[in-house]
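Student: Line order of the protein sequences matches chains Y, E and P.
The numbers in this note's numbering rise by one with no breaks, and the one at position 455 of the first sequence is 455.
The numbers in this note's numbering rise by one with no breaks, and the one at position 65 of the second sequence is 65.
The numbers in this note's numbering rise by one with no breaks, and the one at position 33 of the third sequence is 33.
Just so you know, these hints were derived from the structure itself, not from any lab.
Check each hint, because a few of them may be wrong.
[As the list claims (entries may be wrong)] DSSO-like mimics (lysine-lysine), calculated; alpha carbons at most 30 Å apart, straight line:
(1) Y:Lys146 with E:Lys201
(2) P:Lys159 with E:Lys201
(3) E:Lys115 with P:Lys57
(4) E:Lys185 with E:Lys217
(5) P:Lys57 with Y:Lys146
(6) P:Lys159 with E:Lys217
(7) E:Lys217 with Y:Lys41
(8) P:Lys19 with P:Lys143
(9) E:Lys115 with P:Lys159
[What the hints assert, rightly or not] What follows is a set of in silico ranges between Cβ atoms, one per label pair, in the way DEER data are often shown:
(10) Y:Ala270 with P:Asn133: 52 to 62 Å
(11) Y:Glu149 with E:Val107: 31 to 41 Å
(12) Y:Gly322 with E:Ser28: 37 to 47 Å
[Said to hold, decoys possible] Which bits of chain P does chain E cover? Going by a derived footprint, with three or more residues having C-beta under 8 Å, they are:
(13) 63–74
(14) 146–154
Ideal placement from N, C-alpha and C gives every residue a C-beta, glycine not left out.
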Amino acid sequence: MSTTTRGPIPNGGGLMRRLNLGTAILTGVVFGFVGWYISGKLFGFGDGPDNGWGRDRVWIITMTMWAIGFMAGIGAFVGPIRWLMGRDQQFEDQMYLAGKNQGISRYFKFTTDHKVIGIQYLIITMLLFFVGGILAMLIRTDLISKNTEIFGPQTYNAVVGLHGIVMIIATIIMVTGPFGNFVVPIMIGARDMAFPRLNALSFWLIACVVPILLSAVFLGGIPTGWSAYEPLGSQAPPGMDSYLMTIIIFAISSGVAGANIITTVVKMRARGMTWNRTPIFVYGVVASVGLALPAFPTFMASQIISGVDRATGTVFYDTAAGGNDWLYTNLFWLMGHPEVYVILIPGLAAMMEYVPVFVRKPLFNFNAAVIGIAGIVGLSVMVWAHHMYMTGWAPNLNAPFMLTTELISVPTGMLFLVFVGTLWRGKVWARLPMLAIYAMLWNFIIGGITGIYLSDVPVDVALHGSMYVTAHFHYTLMGAGLVGAMGAVMYWFPKVTGRMFDEKIGGWGFWISQIGFNVTFMGMFAVGLAGQPRRVSAYSSLFAHGNFISTMGAYTIFIGMLIFLAAIIHSWTSGEKATANPWGAKTLEWQVPTPVPLENFEVLPIITSDPYGYGVPEKINEPQLEPVHAGDHR
Amino acid sequence: MKRVFTALVTVLLGAALVFGIASFLHVSNLQNAPVVAEVRGTAQTAQGVLPHAFIALSTYPDSLAGEHGPSGGSHPDWVSYGPSTDISLPAHSLVTMTITQYDSGEVLNNPYFAKVAGTVATPGDGTADGQMLLDGRPVSQVSPEHIGHTFTIHELSSPSQDNLFVNVPLPAVSDDAMPDSGYTKTPHVITFSFITGSAGKYVWNCEYPCGDGTYRKFGDVMGARSFMSGTVTVA
Amino acid sequence: MSDSVDTQPATSKFRAWIKRPYIRHVFLIWLAVTILIELFGPVQAHLMGAPASESMKAIEDTISLFTYAAAPVAALVISVVIYSIFGWRQAKSAGPSDESPAIRTNGPATTAWVLVSSILCVFLLIWGLGEMNSLAPKASSAKPIVIDAIGNQWAWNFKYPGSGNIESHELVMPKDQPIIFHVTSVDVIHSLWIVQLGVKIDANPFRVTLAHVTPTRIGRFSVRCAELCGLYHAHMQTDAVVLSPDDFNKWVANGGRS
Numbered sequence: 001m002s003t004t005t006r007g008p009i010p011n012g013g014g015l016m017r018r019l020n021l022g023t024a025i026l027t028g029v030v031f032g033f034v035g036w037y038i039s040g041k042l043f044g045f046g047d048g049p050d051n052g053w054g055r056d057r058v059w060i061i062t063m064t065m066w067a068i069g070f071m072a073g074i075g076a077f078v079g080p081i082r083w084l085m086g087r088d089q090q091f092e093d094q095m096y097l098a099g100k101n102q103g104i105s106r107y108f109k110f111t112t113d114h115k116v117i118g119i120q121y122l123i124i125t126m127l128l129f130f131v132g133g134i135l136a137m138l139i140r141t142d143l144i145s146k147n148t149e150i151f152g153p154q155t156y157n158a159v160v161g162l163h164g165i166v167m168i169i170a171t172i173i174m175v176t177g178p179f180g181n182f183v184v185p186i187m188i189g190a191r192d193m194a195f196p197r198l199n200a201l202s203f204w205l206i207a208c209v210v211p212i213l214l215s216a217v218f219l220g221g222i223p224t225g226w227s228a229y230e231p232l233g234s235q236a237p238p239g240m241d242s243y244l245m246t247i248i249i250f251a252i253s254s255g256v257a258g259a260n261i262i263t264t265v266v267k268m269r270a271r272g273m274t275w276n277r278t279p280i281f282v283y284g285v286v287a288s289v290g291l292a293l294p295a296f297p298t299f300m301a302s303q304i305i306s307g308v309d310r311a312t313g314t315v316f317y318d319t320a321a322g323g324n325d326w327l328y329t330n331l332f333w334l335m336g337h338p339e340v341y342v343i344l345i346p347g348l349a350a351m352m353e354y355v356p357v358f359v360r361k362p363l364f365n366f367n368a369a370v371i372g373i374a375g376i377v378g379l380s381v382m383v384w385a386h387h388m389y390m391t392g393w394a395p396n397l398n399a400p401f402m403l404t405t406e407l408i409s410v411p412t413g414m415l416f417l418v419f420v421g422t423l424w425r426g427k428v429w430a431r432l433p434m435l436a437i438y439a440m441l442w443n444f445i446i447g448g449i450t451g452i453y454l455s456d457v458p459v460d461v462a463l464h465g466s467m468y469v470t471a472h473f474h475y476t477l478m479g480a481g482l483v484g485a486m487g488a489v490m491y492w493f494p495k496v497t498g499r500m501f502d503e504k505i506g507g508w509g510f511w512i513s514q515i516g517f518n519v520t521f522m523g524m525f526a527v528g529l530a531g532q533p534r535r536v537s538a539y540s541s542l543f544a545h546g547n548f549i550s551t552m553g554a555y556t557i558f559i560g561m562l563i564f565l566a567a568i569i570h571s572w573t574s575g576e577k578a579t580a581n582p583w584g585a586k587t588l589e590w591q592v593p594t595p596v597p598l599e600n601f602e603v604l605p606i607i608t609s610d611p612y613g614y615g616v617p618e619k620i621n622e623p624q625l626e627p628v629h630a631g632d633h634r
Numbered sequence: 001m002k003r004v005f006t007a008l009v010t011v012l013l014g015a016a017l018v019f020g021i022a023s024f025l026h027v028s029n030l031q032n033a034p035v036v037a038e039v040r041g042t043a044q045t046a047q048g049v050l051p052h053a054f055i056a057l058s059t060y061p062d063s064l065a066g067e068h069g070p071s072g073g074s075h076p077d078w079v080s081y082g083p084s085t086d087i088s089l090p091a092h093s094l095v096t097m098t099i100t101q102y103d104s105g106e107v108l109n110n111p112y113f114a115k116v117a118g119t120v121a122t123p124g125d126g127t128a129d130g131q132m133l134l135d136g137r138p139v140s141q142v143s144p145e146h147i148g149h150t151f152t153i154h155e156l157s158s159p160s161q162d163n164l165f166v167n168v169p170l171p172a173v174s175d176d177a178m179p180d181s182g183y184t185k186t187p188h189v190i191t192f193s194f195i196t197g198s199a200g201k202y203v204w205n206c207e208y209p210c211g212d213g214t215y216r217k218f219g220d221v222m223g224a225r226s227f228m229s230g231t232v233t234v235a
Numbered sequence: 001m002s003d004s005v006d007t008q009p010a011t012s013k014f015r016a017w018i019k020r021p022y023i024r025h026v027f028l029i030w031l032a033v034t035i036l037i038e039l040f041g042p043v044q045a046h047l048m049g050a051p052a053s054e055s056m057k058a059i060e061d062t063i064s065l066f067t068y069a070a071a072p073v074a075a076l077v078i079s080v081v082i083y084s085i086f087g088w089r090q091a092k093s094a095g096p097s098d099e100s101p102a103i104r105t106n107g108p109a110t111t112a113w114v115l116v117s118s119i120l121c122v123f124l125l126i127w128g129l130g131e132m133n134s135l136a137p138k139a140s141s142a143k144p145i146v147i148d149a150i151g152n153q154w155a156w157n158f159k160y161p162g163s164g165n166i167e168s169h170e171l172v173m174p175k176d177q178p179i180i181f182h183v184t185s186v187d188v189i190h191s192l193w194i195v196q197l198g199v200k201i202d203a204n205p206f207r208v209t210l211a212h213v214t215p216t217r218i219g220r221f222s223v224r225c226a227e228l229c230g231l232y233h234a235h236m237q238t239d240a241v242v243l244s245p246d247d248f249n250k251w252v253a254n255g256g257r258s
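With the hints as extra help, turn the sequences into a complete structure.
Tutor: Laid out in structure tokens, this is it:
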């Protein structure tokens, strides 16, 4: 990011010139403290009807005040307030907000440049993975043997829940955040997103949410698992308030981001970029955020209701009092299933985007890729109750949900067709991003097929709620989704950082983590089949070997991932400088210089073909087209 | 070389962080010294002559007398068992436990736990199998409407240790016998015996819900170790 | 003008296609991987243990069958991956290739792929529906014994309303006798999982859900809770004991003691 000659910082920006992460934290802490103090005086810290439900009210109000303070301190409200006062932003303000010539300080401010926001997302995603990874190591250490009790079931349950939600948030944003932001606008030939300030807002809402999420550590944790089922959640300590506030704010962030990305891609593609010429990665990102738009609000609703139940004594989820715990379960899974495709699709789409680059032939059957993605998105909103086969909620619906769930295997199969077809007869340039595709395909085939087993209702009788489920979703979300994200990081590394990713050290890290990954979760399939339930802090001696193996595998993942992280850090700070297009790729982001200029393009491009025109045209089996001459009639 | 060094340092720092956090969590979750059953002689049981061990616990309406010390720790108003919630028992023995119950109470969530289960006769006090001695009288169940606490041992269905399920209800001290401060002079005294099997690790918890303000009153104190739940180590 | 368009008959095109060297190689790898996965198939049923009911047997058979059916599909992806790594990879020092064929799509391949995956999907569905149907309780069988299963934090207890209202901590059942569980909870959601009998149903607060089974093997099995329910979820376990009908009657007559 070093520019040797920087021009002057633009005038404009007004109050925004003084606001940054520091002022945000300061204002957030002050507001939060005021909220805590006043609500503590009003409600007290007791719990329950005799105590005015004080404890949860105090924490929810504190966290809300922190959020408002933080967002005020970063300048999120400055734009809307100025507009209400009749002073919309001028060109100089826009240039200032875009971070022009501000060097490294622009990463700590409400900067609207999509490239800055992409890097901000990348850093925060890596931080979340780091925290989630540490929690995973704690979990596996506590399970290393039947009788190990490093910290007892109370803390264990809290660690499990926190690990789950931290990883879910990290995986949701891991590709659309960094690369949906940095790459997509350039890839479609635009100068920035449709709503740059909304873009900054969606990132800073995440930054605001991370301390709220981590506050659970001090408030008794999230001992319900990341799914926070009711009515179990209503017995849990105030860590659940951290959880529900995190989800509510996160849903706002992802909704804003979704609206922004979809508008950008629909309205701001360069001239000539028809839908047939739009890169598949763009489709993947749009599909993911588009799916999140209807899905996450149900999650948000479920948590708002939880908050109201906790803080005011309503009984929405209390069956005995007239409520219905299945309301929660349905609201949660209405989000929960689409959400896994929100996580999975961008990573797959990134890999579909760059596999042609490394095999130097077109993406096989682009239309199948689009239809596959669309089919997954469409079906994913109709399968949620396969998570509820065993609840007894609606046994007559088990069969229809089995139908819709098994149908998803068809569009998913089409995505496999695209990968296999692209690999077919392609001479491989074996760089590390390409090798990651092999790892992803191996993991995804295992994850996908075990998902089919789970979708069968009678089989689910044996496997639901067991470690088999845990292994299945780690194979799909981590083995396919995260590996896709790691591939995206390695592929776009030269464009984002201006340096080449160290494939030697990075390769060691990647493959060590992959070996560890397969050992860990194969062990979990085994103990799940043998009868070990999920989320248990202690287990029968029957499962001892499997758990020991899983723990050894987990430590291996940790070592591998840390080496990979070291490669990222080292390459970013002192790696070999990259040219503008080291891969010789055809998509637009590789046609602009590195580092990418503030406004991306000198002149907006006009598109005349799709970006997959690689390879030597086949002479056999393809009709030769002859140009039509004026006056010819056929 | 610098790259390898960076990788090594990152791995070591990561491992140190995990180790540090795990150690911190371990230390902050350490329970106080367990209460150990004392073996005094042998007894004749249905399984032959076994060592006879004795152990005494109490249940209190606050946390001032148990393992949390006279200040009561972080939740002095939470009910607690004492002197410790970690219990150590000898394997293949007849264990006679006496619990002194100082707390008031109301109705159970599940009336099943008002019945005595898993006990054997205590030699010499008139109880039969499946009974307990309540203030000098052998009973096999009490009213589920007026329970102070229960002592319930749970097992893990595992081939490596014998099953061990014991449940005794501890009736509540009536509300008018509860003093404004200190403990009642007329607690209930419950004595019961059971036979331990092979060595193993078990848990116990109280099934009377005293987590006021939470759903079904089973949150807060009920979900926290060292108050109304603990471990039983048979060795 | 039309001789520039390919007019070879489809069958001879196909025969020519099969003869290509990489087709043979990929086919052999595919065969080897399929066989390897098929050999691995029975491991899963072995891990699940000997079934103690018809339902569990059906579950184990289904998992084995699905593995046998999935093996060629997985093998196809894996064999192409393997051949891509070893057969189509370039020398390490080479840059991007300039020889890969510009194949945009392939109608027959796509059609075959979608067709086969749809057929497999329909097969899965029919099999699943058939299984669900055959495992549903039949009205003609012997009158089932009703056992109430009550879950609470953190133990199971079982009541036998038709057998003298016995209350028991362990789940005792007679062999070859249909049993219906009325499952409920007094607090949070639990899940009754009788592992080797292939029974799993959530225990919901203040609602009754049903499950049924006919045990086919005498022995001691595991009852575990399969839905996180708080502090001692891991210890919410007990044994399921299947006795011969005579022993079960003795147990009942003895008031629920052996």
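Student: Could you run down the list of hints and mark each one as holding or not?
Tutor: Hint check results:
For the hint pairing Y:Lys146 with E:Lys201, the CA-to-CA distance comes to about 10 Å; that is within 30 Å, so the pair holds. Under the criterion of a C-alpha separation no larger than 30 Å, the hint pairing P:Lys159 with E:Lys201 is consistent with the structure, at around 27 Å. Of the pairs offered as hints, the one joining E:Lys115 and P:Lys57 is violated, with about 37 Å between alpha carbons and a cut-off of 30 Å exceeded. At most 30 Å may separate the alpha-carbon atoms for a hinted pair to count; E:Lys185 and E:Lys217 meet this at roughly 27 Å.
The hinted pair formed by P:Lys57 and Y:Lys146 meets the criterion: a straight-line CA distance of about 29 Å does not exceed 30 Å. Simply put, P:Lys159 and E:Lys217 have alpha-carbon atoms about 24 Å apart, close enough for the 30 Å limit, and the pair holds. Note on E:Lys217 and Y:Lys41: the hinted pairing holds, with a Cα-Cα distance of about 25 Å set against a maximum of 30 Å. Taking the CA atoms of P:Lys19 and P:Lys143, the gap is near 64 Å; set against the 30 Å cutoff, the hint is violated.
Among the hinted pairs, E:Lys115 with P:Lys159 is consistent with the structure: their alpha-carbon atoms are about 13 Å apart, no more than 30 Å. Between Y:Ala270 and P:Asn133 the beta carbon distance is about 56 Å. The supplied range of 52 to 62 Å therefore holds. Between Y:Glu149 and E:Val107, the C-beta spacing of about 33 Å keeps the proposed range 31 to 41 Å intact. Under the hint 37 to 47 Å, the C-beta atoms of Y:Gly322 and E:Ser28, about 40 Å apart, fit the expected range.
Here the segment 63–74 of chain P counts 0 residues with a CB under 8 Å from a CB of chain E, which misses the bar of 3, and the coverage is violated. Look at the segment 146–154 of chain P against chain E: 4 of its residues bring a Cβ nearer than 8 Å to a Cβ of that chain, three or more, so the hint holds.
Checked against the numbered hints above, the structure violates hints 3, 8 and 13; every other hint is satisfied.
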